[in-house]
Amino acid sequence: MASSCLTKSKNFIIYNLKSKSSFTDRISAFTNSLFHHRLLHTISPLPVRKHAAYSRVNRTDDSQRFFELAYVQRRLHSTVSVSSDVTQLPVESPSLQILDFPGGKVKFTKKLSFTSNSTEERVHCYRVLDDNGQLFTDVDSLEISKELAIKMYTNMVTLEVMDTVFYESQRQGRISFYATTTGEEAINIASAAALNDNDFVFPQYREPGVLLWRGFTLQEFANQLFGNKHEYGKGRQMPIHYGSRKLNYFTVASTVATQIPHAVGAAYSLKMEKQDSCVITYFGDGGTSTADFHAAMNFAAVLEVPVIFFCRNNGWAISTPVNEQFRSDGVVVKGKAYGVPSIRIDGNDALAIYNAVYEARKMAIKEQTPVLIEALTYRAGHHTTSDDSTRYRSVEEIERWRGDQNPVKRFRAWIEGRGWWNGVAESEYRSSIRKQVAQVIQVAERVEKPPVADMFNDVYDVPPTNLNEQEAFVQKTVKKHRQDYPSDVPL
Amino acid sequence: MERDVRVCVMGEDVGHYGGSYKVTKGLAEKYGDLRVLDTPIAENSFTGMGIGAAMTGLRPIIEGMNMGFLLLAFNQISNNCGMLHYTSGGQFKIPVVIRGPGGVGRQLGAEHSQRLESYFQSIPGIQMVACSTPYNAKGLMKAAIRSDNPVILFEHVLLYNLKERIPDEEYVLNLEEAEMVRPGEHVTILTYSRMRYHVMQAAKTLVNKGYDPEVIDIRSLKPFDLYTIGNSIKKTHRVLIVEECMRTGGIGASLTAAITENFHDYLDAPIMCLSSQDVPTPYAGTLEEWTVVQPPQIVAAVEQLCR
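As given, the protein sequences belong to chains A and B, one line each in that order. Start counting the first sequence at 1; every next residue gets the next number (this note's numbering). Start counting the second sequence at 1; every next residue gets the next number (this note's numbering).
Hints were generated in silico from the structure; no laboratory data involved. Incorrect hints may have been included.
Unchecked claim - Mimicking EDC-like on lysine to aspartate or glutamate, the simulated pairs with C-alpha atoms at most 16 Å apart in a straight line are: (1) B/Lys30 to B/Asp4; (2) B/Lys93 to A/Asp461; (3) A/Lys271 to B/Asp33; (4) B/Lys235 to B/Glu288; (5) A/Lys146 to A/Asp461; (6) A/Lys409 to A/Asp131.
One chain only, chain B, in its complex shape (with noise of 0.2 Å):
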């Protein structure tokens, strides 16, 4: 914001409360309470306030409170967000960044569990980033911001407590890219946001057990960044995918269609895809906790996969 005077913030209590997560806090006091906007309860409305304004020049930055609350905000960023560069012949561009915090938390209720990059996945127009370090939070942010598309970039209510030595100085990471978490050689782990951090303790249990996981946290939701997926699988001929997604329609089963596709030759094995299960997340922690995947599934996923 202290860089392009045209970058904003709206949402619901941005401003003086800091955010839901407190992601804005500060911001409000430094830069004044129009650019840090407090918006009303209406996502589609401020959406398309943010979209108007991408349109005339500004860079807002549109928070969804929680991410499921987005979904009121479909009509705009479908039909509108991702479609008017395209239907205006490149006359107007849309520079937005549509983030927020998402995925299944501890007991927040079905409602506020939702997994936005389903349902998002196939509005043309629109690219989608998924951040799962604080190293990352900040390199995607920032390029989501420069970038001149409309960028949905999905936080996680459970990462915002992640401590993580960052430098100070700007760097901007590559949208389209993916991150290689853990270099091996046995099976290639793919995941993003917080099911990386599930992967990762199982990776641990993994290596004790003698297998060499290479893990990838695929970051680019869309469009997948399948040359580092590409490469790890023509390396491992193995592949395990880990999501939060429901299995129907998730990142997951569109990552699967893409690998199948182009990797078909590589695969020793049918490819492998934990997710939750087809239902609204459950309230009482330790169901809920059923519904998300787990290190040991991931462990044993591996087993299977590599016998």
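So here's chain A without its partners, still in its complex pose (with noise of 0.2 Å):
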């Protein structure tokens, strides 16, 4: 209706330009007509100087005439209205006008100002730990039971020892490639701890510490890393690149950000079948820049599935620091943009994500929405093996971060301070996982890679006759140059 007035108007005020009748005559006209009388009540007749910003150039009669037609149309996009309770509004108090587009009623203002494109703050970071892992006074925080703290704690430790080792071991050219997660233990293992086992996990590809608590062993880790036939992937994908279906963490795909759509269709799936369960999908700050992750952002607001978004910034993507991924104040608030419910965590304090995730969690299945943590941290590591990071770093500022901000410290602090892990169950903590990843390198090295003819299985679900052909044509090359293919895969 609001369109058609307008039409109308329009075609009124156009059908007027052409005609060559006094031009008051026509708008008094058009105002009494009885077709506009809801205009009535919110335009005030028009003054005759009003132009008085076009009057400083020399204007022909017509043009002159234009520009006021311009100025009454201006007026009327502005005030036109539907709704029965505008004929209530009083025309004096301009500023309590609404106005009714597609998408809402919206006040109108007559100060032409912008918005800034930073706040005078920005948004605060949740945390409950302090710098040397003593929990605040008057904190939101849960109760967690000694078992789980330990249990989160270890994890960490073993996922710290492991980067360590499985690193050392691509540096000793055993494995071809690794990405470790140092400096964000706790983002992985605390995180993991407040979901369900039945919770479907997208991961990028810092987060084998999800796979690590939900239960996958550290010979299945070594398993995949090495490429042997015991692994799930079958020896298909590099390193890093786990997958787990009876652990519901879907296999990480090299592609920056793809896994956050994959997450709002799970999502979807979910609602669909009123599961009482819930997605989460972790990217970091450059992921965030992608079309990928607005599109699902906005997707998954207007569909209402519950998905949880956690973004570990981590200041880098590979050598581009965040100040050169975006200018808006960091990734949550780009929450609000999409309409959904966001916060910002210190994500080097392992009480605070568990809490924020745990509630997140909640949210997402009892209100079907998405939710978007970004979490503030620090990536510790290189990007990956083939990274070094004191080239666009400063080696001062990773020890730092190494250093005292260390989540696994912080968090070792604090189960120190409740007396339930000292310094004895540390060293012999550590010293049996450094133990046992060597133990599962030195295993799985020695198994076998996958045959050849897993290159040509899982295409399809059956593989087609073109690719029999072409395994068949594979085989028989192997064979007659045996010396010039790899020994340990077998046929």
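Each chain sits in its own coordinate frame; assemble them with the hints.
Rendered as structure tokens:
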């Protein structure tokens, strides 16, 4: 109705421009017409000298009329409303007038001012443990049991040790590639701890801790890294591209942020099937620049699906620091832009992460809404083994974050403060894990690689003829030139 | 959708609007607007959504409002849809159907006249089929939905108005099979989608001139049904491919290579391939007509082949 009013008034005005009759006569006829009776209440008679801004230029009569008409049109635009309560609004207080465009009612303002590109203060960051691992007083925090706390801590240590040893094994040439999670152990373990085992996880690639929490063994990790025949990916992907259907952890793909729309789709299927679980997807600060992130956030909000968007803002996207990635106040403000409830948390505070994800999960499922969590942290290791981050950041900066703000140390201080852990337990545990990791590497190294047939399986559910032919060709060629092909790959 | 609650549709304007070519008309009223989902304009992302939903047990049908828009979804289709079953070691399957109207229409402009089958044919892990009649459209669609592999179903913008009597009951066609449209002895004409109709028109003229063309609608664009095609070539020894793709890198180019590789000894003449030129489709109606292979060209090509 509003748009048809506008069209009709526009047509009326254009018609009158073409005619030669007096402009003001036409306008009064217009305002008196029965059809526009609602507008009468909102438009005051057109003042004669309103186009002072244009009178400086020497204009012909026609163009003057044009500007007058343009002015009338602007006023019509801004005051047309077809809801019944408009007729009750007093004309004398235009600040209370409301515009009713598609999308909802909005108040208008006569002030021409732009919202600033930044706020006075950045969005506050939720944390419950201080730098020394002491719980603040008066804090919003859940009580966690000794068992849970120890499980969280030991998993964080396992992750730390596993990262160190696997990284070294790459340096020694035993595996081809690795990416550590150094500095983000709390994010990995604490977020996993707050979820249920049947919640779907769509990782980027720096979240093996979630798999670890759910029960993926060190041997299973090593198998994937060595691409041997026991690994679930059948040796097809590069190291750290873990996936486990039974643990609801969706196979890592190298493409950045493509998992975010996948997560929304998975949440959509949960909503359709009315399941009591949610989806979580992880991505970094760099991933938030992709088109997939924005469309997925937008759509999750429109669709009202239970998905947690967990952004690990670790300050660096390979060599690109965050101030070259975006100019907004981090990632948390983007939630508001898309209509997604969001929170910024200290990503090096395990308890804060646990609390936030626990609450986010409850909210996501109960209210069927997406939630955005921005965890501020620091990527204390290199991007991957193909990177040397000292080329673009100072060694001092790296050392600082490995030191005091280290999430493992902070959590350790807290559980030791509770009397649940001590130095002896620490050294015993660490050396035990180190031994285990070294052991699984040795075992995985010696296991056979998957056979050549596995190169052609799973491209489809059943291999089609052309693939069978291609496989037969490869088999024939390899048999004929056995010495030119790797000896540890069975046929 | 009635048989399996997991089947759902997602795409732009598929819900109450019924789809740009009314393919999904009435579905939203019947199954609700969550199951027939209107998506925002973000092809890469809603294709990604479909992939995520498929990995968790649904069977989505993703619609590209015009096939050309799926170029935006290339990353998800190539790097994820085609790949994740393989890279996850078979743990996650992606039973999606990606469909939409494509091909050269009537003055839709270059951007809306794309032939996506040329661009997608290399992607490992996906299957491609092109329907051409109401009968095979229903059968192929059902087969695609039931398949556990990701299938791209190519519909043609100009074929939606075809009318045909088809069985009410369920029937499923084979996704990898070609269709024998007209058996013959002199020459094998391989085609698909809209060009089938141009070929059949040319066939009428050819029959009047005394030729006996065998017309095969290949239907399965990836993989090719080399069994049916091969048997035909062994009989006629002459091949003409009529396609709408551009000359470079189209389905015709791949088919020519496959036939040469497999059936070279059976050919009495070089394979002829009639395709569109390597130009963006012009908007002007007359020019557009000349980018698409027309029946007189087909007749002339057969005459040349059979000399």
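A quick look at each hint next to the structure:
1. Only pairs whose Cα atoms come within 16 Å are accepted, and B/Lys30 paired with B/Asp4 is accepted, the gap being roughly 14 Å.
2. This hinted pair checks out: B/Lys93 and A/Asp461 have alpha carbons roughly 8 Å apart, not beyond 16 Å.
3. Between A/Lys271 and B/Asp33, the direct Cα distance comes to roughly 13 Å. Compliance with the 16 Å bound is thereby established for this hinted pair.
4. Among the hinted pairs, B/Lys235 with B/Glu288 is inconsistent with the structure: their alpha-carbon atoms are about 36 Å apart, more than 16 Å.
5. For the hint linking A/Lys146 to A/Asp461, the alpha-carbon distance of about 47 Å lies beyond 16 Å, and the restraint is violated.
6. A distance of roughly 10 Å separates the Cα atoms of A/Lys409 and A/Asp131; the hinted pair therefore holds under the 16 Å criterion.
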